[in-house]
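Residue numbers (this note's numbering), protein chains in the order written: chain A, 450 to 761; chain B, 450 to 761.
Be careful, since some hints might not be right.
Copies of the same chain look alike in the list, so a pair counts if it works inside one copy or between any two.
Stated by the list, open to error - With a straight-line cut-off of 27 Å between C-alpha atoms, the simulated DSS-like cross-links for lysine-lysine are:
no.: 1; residue 1: Lys494; residue 2: Lys759
no.: 2; residue 1: Lys643; residue 2: Lys687
no.: 3; residue 1: Lys648; residue 2: Lys570
no.: 4; residue 1: Lys541; residue 2: Lys493
no.: 5; residue 1: Lys667; residue 2: Lys570
no.: 6; residue 1: Lys754; residue 2: Lys667
no.: 7; residue 1: Lys524; residue 2: Lys643
no.: 8; residue 1: Lys693; residue 2: Lys739
no.: 9; residue 1: Lys730; residue 2: Lys759
It should be emphasised that the hints constitute simulated quantities derived from the structure, not laboratory data.
Protein chains: 2
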Amino acid sequence: MEESNNKIEVFAPATVANLSCGFDVLGLCLDSVGDKMIISKKNKKGISISKIKGFDLPLNPLENAASVAAMALLKNIKIDYGFDIQIFKKIKPGSGIGSSAASSAGAVVGINKLLGNPFTKTELIDFAREGERIACGSPIADNVTPAILGGFTLVKSTNPLQVISLPSISELHVVILHPQIEVKTADARAVLPKKILLKDAVTQWANVGSLVSSLYTKDYDLFASSLQDVVVEPYRSKLIPFFKETKKITLQNGALGYGISGSGPSTFTICKGMENATLIKEELHKFFMKTKIPFKIYISKINRKGIKTKMI
Amino acid sequence: MEESNNKIEVFAPATVANLSCGFDVLGLCLDSVGDKMIISKKNKKGISISKIKGFDLPLNPLENAASVAAMALLKNIKIDYGFDIQIFKKIKPGSGIGSSAASSAGAVVGINKLLGNPFTKTELIDFAREGERIACGSPIADNVTPAILGGFTLVKSTNPLQVISLPSISELHVVILHPQIEVKTADARAVLPKKILLKDAVTQWANVGSLVSSLYTKDYDLFASSLQDVVVEPYRSKLIPFFKETKKITLQNGALGYGISGSGPSTFTICKGMENATLIKEELHKFFMKTKIPFKIYISKINRKGIKTKMI
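Start from the sequences, fold in the hints, and give me the full structure.
Next up, the structure:
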């Protein structure tokens, strides 16, 4: 066991799932928002979590998304040692930008690297979903997929897991507005109807198809007009304070699209260029100050690489 | 008025709408199946139909899809002359491969050419939809779009009309199986539920997204696994004789996908290469001979150009 392969620092990015039209399917990876993790080999078999900073999350390996994902990985390889995980959490749990996904994905990507990369990215996503199962109640893949693949991603199917990377456009910037209220994923699921109108479904899959096409052809107009959600947003937007008002502000100021990030309460604005993103951040800031609801705003580029690692 | 611009011969191709996952949205254009039309300038204003061969369709310009589409075009241009249309119909009405769409699209593309191309392709599709309105009861765009654009197409929205061309893959061949029974579009619509399960809609839009991606990346495996329809096929396949059996035959013999063409009764098989298409045509032929139901089978490449015209 070489010294250099004993310890790794991981940047585990935040992610935006759904992207308006692509509920449960589309996602993208952020660049400037994410957790830090330090993973070390240890002589004892299994997974431990020795430190969590930033937020109050379980140290018990059976209850934390990172360790549960890591254990799913370990089930698929025979080794006589284990790993310890330290988590420096910056993504608030329940914020809607893939907090548990970052932990799950960061753990399996870091460990895979320490093991000499025995697993494919799709296998890693499958392990990371087990972390999502413990955190959200179901093994959803729409945040762990962009966290691991980077850029824009599409979950083609979950059983068996099939995921694809879509092209990105370098000019795109994302503004994340995070009102500091709690929206539980389970509640956000509960407001959705079991059935939807066929005609709305048709609108939605036309939008998914044209959004995917727009990424290949770098057609901003098509990209913008595809970022529509007639299925989920009408229900979930009610859980998010001042959604209508903030949507109007972003679109009036030239945003390409505005929607709910994952199950909220964070929202995302996609903009062309840093200048427009800065303007929209300022306008949202100005508006939200008046609401008296605590909030945070970030600007991020699209992160094309996903999780970043560094041997330490 | 130059002699050379007085008369045009039009090849108006058959088309496959829906393509399994893309109900009301996706379509492709066929190459070897289509109608011939001859359109001539005439001194008298308006549209007339002087001849229809092949099938018994209305000569009354107010009742024929071709002339209704042509009249929609004429409403948008000021000219002091008119056009006469002759239709040599090869695509059987009600076959599910865009018979009325071929007439509608052929008429407007031919007339546009005789006029010196004043209209964009999207405008022509919008006019052609009026022919569909008279033939099918609603101004559907999913057959006239591939007829006019060629290749694979996506109807992004119908109000306002927004359509996009998707890349094609030259190796793809289509086998059309047309059992000679009647399935009325209205009946095929009536069997569909108004509402569908959200989870099925998610499966469907994941498939539309990945199908579009597969055309850009020329990924045959992804293309094949995306050609799934969990929404419409379960209902409409009951209207089509021996659908299950023929689907099994095509997939067991290496087809990339099999589904209902438009609202049926024709089905399409998409194959990689002529050799596989020929094999599948033979196997379907062998099977259908035993059913005692009259049928036709064609093989076609993807037609990337759409309607073809020749001044005569």
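Here is what the structure says about each hint:
In this assembly of identical chains, the alpha carbons of lysine 494 and lysine 759 lie at most 27 Å apart only when taken from the same copy (23 Å versus 76 Å across copies). Proximity of lysine 643 and lysine 687 under a CA criterion of 27 Å is satisfied in both settings, with 18 Å inside one chain copy and 25 Å between copies. For the homomeric pair lysine 648 and lysine 570, the shortest alpha-carbon distance between copies (25 Å) is at most 27 Å, but the shortest distance inside one copy (36 Å) is not. Proximity of lysine 541 to lysine 493 under the C-alpha cut-off of 27 Å is found in neither arrangement, the shortest distances being 31 Å within a copy and 74 Å between copies.
Taking CA atoms no more than 27 Å apart as the test, lysine 667 paired with lysine 570 passes in both settings, with 26 Å inside one copy and 21 Å between copies. Taking the shortest alpha-carbon separations for lysine 754 and lysine 667, both the intra-copy value of 19 Å and the inter-copy value of 23 Å come in at or below 27 Å. Taking identical chains as interchangeable, the C-alpha atoms of lysine 524 and lysine 643 are never at most 27 Å apart, the minima being 35 Å within one chain and 45 Å between chains. Taking the shortest Cα distances, lysine 693 and lysine 739 sit within 27 Å of each other inside one copy (15 Å), while across copies they are farther apart (61 Å).
In the homo-oligomer, the alpha carbons of lysine 730 and lysine 759 never lie at most 27 Å apart, since the shortest distance is 31 Å inside one protomer and 56 Å across protomers.
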